[in-house]
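Q: The listed protein sequences correspond, in order, to chains A and B.
Under the numbering used here, think of the first position of the first sequence as 285, with each following residue one higher.
Under the numbering used here, think of the first position of the second sequence as 1076, with each following residue one higher.
Hint data in this document are derived by calculation from the structure and do not stem from the laboratory.
Any given hint could turn out to be false.
Computed footprint of chain A on chain B; a stretch qualifies when at least three of its residues, placed anywhere within it, have a C-beta under 8 Å from a C-beta of chain A [what the hints assert, rightly or not]: (1) 1294-1300; (2) 1316-1324; (3) 1330-1337.
From the derived model, a few chain A residues whose C-beta atoms are all more than 12 Å from chain B [claimed, not checked]: (4) V299; (5) G303; (6) T314; (7) S317; (8) R367; (9) Q369; (10) S386; (11) E431; (12) R479.
Glycine included, every Cβ here is placed at the ideal spot set by N, Cα and C.
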Amino acid sequence: MSTLEVRHVTKIYNVRGAGQLTALDDVNFTLHSGQTIGLVGQSGSGKSTIAKILTQLETPTSGEVLLDDKPIPRRGRGLRSYRQQLRMVFQDPFASLNPYHSIRYHLERPLRLDDVVPKAETETEVRRLLERVRLDPDTVIDRRPHELSGGQRQRVAIARALASRPMILVADEPVSMLDVSIRLGVLNLLADLQREEGLGVLYITHDLATARHFSDEIIVLNQGRIVEHGTADDVILRPSDPYTQELRAASPDPERFFATTTGGAS
Amino acid sequence: MTDTLLSVRDFSVVYDVDPPVEAVKHVSLELQRGEILGLAGESGCGKTTLAYGVQRLLKAPAVITSGSVVFHDADGDDVNVGELGAEQMRRFRWDKISMVFQGAMNALNPVATIGSQLEDVFEVHRPDMNRRERRAAAVELLEIVKVGGQRIRSFPHELSGGMRQRVMIAMALALRPQLMVMDEPTTALDVLVQREILRQISQLREEFGFSVIFITHDLPLLLEISDRIAIMREGEIVELDTAERIWRSPQDEYTKTLLSSFPRLTGEKGMVVR
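Looking at chain A on its own, in the form it has when it is part of the complex (with noise of 0.2 Å):
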């Protein structure tokens, strides 16, 4: 069980010639592992910003990132440590992996580097973490990224993730990137692992819907603050925020639309 506790960050950017631009204010949660937390706001709320915060990517003008109550190392073996308990997914499988090197490769590295497995069990490993994302060993392991499906690759970031043995995952739009055929069986995988695991996920979206589906709780962030908080079924269907309640307007929804016009174009 751990407990990953954001305290009073606040994250202060200077830009050039604009004077301070303040990216996150005064923000607090706290994730338990076992639990699925949806981070959610438009494009320069300060989402990303909160994912960079947490992986040590930058360092917080104030305030403080726990893990079971000790802060963030800010180098060497305790940051290595602190890395190898939370781990991130990226936006964009095409990108986060190396067009150079084989799944087996991506999926080896992790398990030296942190000395997951003794050397000789490394291979059964590599197998063990694909079968549990889903994609079967022998067809995919001496494959480059290049030669497999968007879905396919996300799922290999997935298990990259996974290799270290984290108790956090923090999964910045995760399936923005697919497909939307495809988008719905990632989720599932991850809430599954989720599940299975014990693993506490911080699923960063702008996709309402899928927040609501995927999440314990929902976090609303409107430049740099949190305006709301609660479980994901009050956070949508009952929001109490004008930022939340002009999010949930904005977002597609049939039902409502359907149930409110007699059909046509808007």
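Here the structure of chain A is known, so what remains is to put chain B in place on it, guided by the hints.
A: Below, chain B without anything else, positioned relative to chain A:
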């Protein structure tokens, strides 16, 4: 009375590779004047190939193997698109049918101002306009799409994604075409910007009366903005009906599958199931 703008008959496209791929198979459809027709389906179903094919924008190895496309011009002429010569085709494109491309955010030239890119359209298609008229027309277009005429000297990188998309729509609107083909015009934008753009497309259609072929795989979005929707699968249209009937009583199994791959935003938690 029906007023047809475009008649597509038995249209097929094959990618002549080894083995040949039948991307579009014997598609027939009629597009009404002023109508928004949604074209939905997963990647590789042929929706983009169909939309490009009707304007003969495909190049080798794509081969149009059968069918005809007839454009019923507002001035009364029926134009058989397949029989136009190279020069006639050049004039026809953009003047009668224009496009908003997929990934429009990157479709603008990064080293030219948006004003000069808009003026290019007039320079090529309206050679008798002088420089001042071209500039005035470009400013007017930027005003229409609410980017604002003062941005005429801006470079694409100085605009947000939503504004760039509006510039692309302005460019498509430039010659007041009767049909606009929009290929995933809002896919890379966030929901608030997407909603604004969709609203604008609807308004412009009211104002200028053009038809739209709107290609996307985002079915919930399509249901809201389209008059009719064609569901494509493996090069064939498996169902074509009004948006409301596609939503309320889809007939084809594949349409039902497609609908059920979207979680519901409101209502009972779960997938859209029919």
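Q: Hint by hint, say whether it matches the structure.
A: Comparing the hints with the structure gives:
| no. | hint | verdict |
| --- | --- | --- |
| 1 | 1294-1300 | holds (count 6) |
| 2 | 1316-1324 | holds (count 5) |
| 3 | 1330-1337 | holds (count 3) |
| 4 | V299 | 15 Å, holds |
| 5 | G303 | 18 Å, holds |
| 6 | T314 | 24 Å, holds |
| 7 | S317 | 23 Å, holds |
| 8 | R367 | 29 Å, holds |
| 9 | Q369 | 30 Å, holds |
| 10 | S386 | 25 Å, holds |
| 11 | E431 | 16 Å, holds |
| 12 | R479 | 16 Å, holds |
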